[in-house]
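Protein sequence lines, in the order shown, are assigned to chains A and B.
Quick note: the first sequence uses my numbering, first residue 2, plus one each step.
Quick note: the second sequence uses my numbering, first residue 206, plus one each step.
Keep in mind the hints are simulated off the structure, nothing from the lab.
Glycine included, each C-beta is placed from N, C-alpha and C at the ideal position.
Each hint should be verified, as a subset may be incorrect.
[Unchecked claim] Quick list of simulated restraints, FRET-style, between CB atoms: (1) A:164 with B:413: 40 to 46 angstroms; (2) B:306 with A:13: 45 to 51 angstroms; (3) B:254 with A:166: 44 to 50 angstroms.
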Amino acid sequence: MHQCLKCGRIITDVAQIQEGCECGSQVFVFIKSESHVKKRETKSTMSLMDFEKGKDESEKGKDGATQAAHAETAHESHAEPRVQSSPQIQSTVPHAESLISSPLAKDDEKKPIRPDSVASSAQGDFEEEKWDEIWLAKGGAISAPDAFDLENIRQVKKGVYEVDVTALAEEDPLVIKDELGVYYVRLPFAEIKYSGAGAKKS
Amino acid sequence: MAANVWTRFIGFIRSIFFRRKKLRLGFYGSTNVGKTTLANRISLDMVGEPMGKVSPIPHETRAVQQKEHVELKAGGYTLSMNLLDMPGIAVKVDFRDFMEYGLSKGESQERAKEATRGIIEAVKWLQNVDAALVVLDATEDPYNQVNVTLLGNLEARSIPLIIVANKIDLPGANTARIREAFPDYPVVEISAMTGENMEKLYDEIAIRLI
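Generate coordinates for the entire structure from the input sequences, incorporating the hints supplied.
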């Protein structure tokens, strides 16, 4: 599931993630486990509370005798949480960054595998914490075509793939190499069409 | 005299327009079905020397092995062939499978890489073969992804083929199952290991390919 970084809304629908949150934000944090949800909830409660507080104040303002006088205040207070929440969101961003990197398998893998393409840019000892940073710094950064060997698609980490688009455009077999180094080949053959057991379609 | 000249002229014309190049005969199939054993058997029978190394470890043949100028004589005709022993085709190459045969992890990973490269090479060679022997292990279920897609592709390219049901000397060999699975293709049952029915295969090659 994903959580909106701005309003904290939990979103499970992929289509909605693509469209963006109802609050207008398109920045989401992937949340893997319930513990993460709880952590995120406690962190996002503050901003949500502020938002609700502002909302309540605006509603109270509407109910007050000096509705017209408070209307402007209410409008401001309604908008205020959005503005106020920004620094709070910013304050949670470092945590969010750590959450962003975690679905990229930090928790899933005991031994991270360093992709060759990124390895070339990472001198010295490999630091898992910097892996995403390095990878993203390379342009979002799909490897250069020559970084591929046999495979057209390489799983560099769980959920992270590099694709040799040029090779895929050709009629070569589709070769996928997983993070362990196991190759999967999809043969580009035409298959015989069978209508039943041993009976070939004309 | 005139007839002799005419016959020679016709022969000359035929040699120009109907001259068959050396037929490139590819040996295709899954891994460890006996492609190299069969290629060795044919090469030994016709040239007197083997083509490649045989091993129980899958993907022993990881590059295309070629034997040129192999001549098959049948019924007064001679078929000149280039034998092309292809790497075994598989849809998954797992280096851990090789480690079970005692290879180190590094050796296994390298072998997996070479095997995958071999599969790609074999697939690309489909554009350059004139005919194919599709070798199947008669002790195994013939209806698998490799066999079906391989036969479909050869058919799509109009490449003449013969299915070779190999290993009939082994217990559990079931050639009827192969005929049932692929009823539209010629099937020859042989044992490349013992040489059983090899003459029948040569006859079939002569009938189909000369």
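Evaluated hints:
Checking the proposed 40 to 46 angstroms range against residue 164 of chain A and residue 413 of chain B shows it holds: the Cβ atoms sit about 42 angstroms from each other. For residue 306 of chain B and residue 13 of chain A, the hinted distance range of 45 to 51 angstroms is satisfied, since their beta carbons lie about 47 angstroms from each other. Between residue 254 of chain B and residue 166 of chain A the C-beta distance comes to about 45 angstroms, which sits within the given range of 44 to 50 angstroms.
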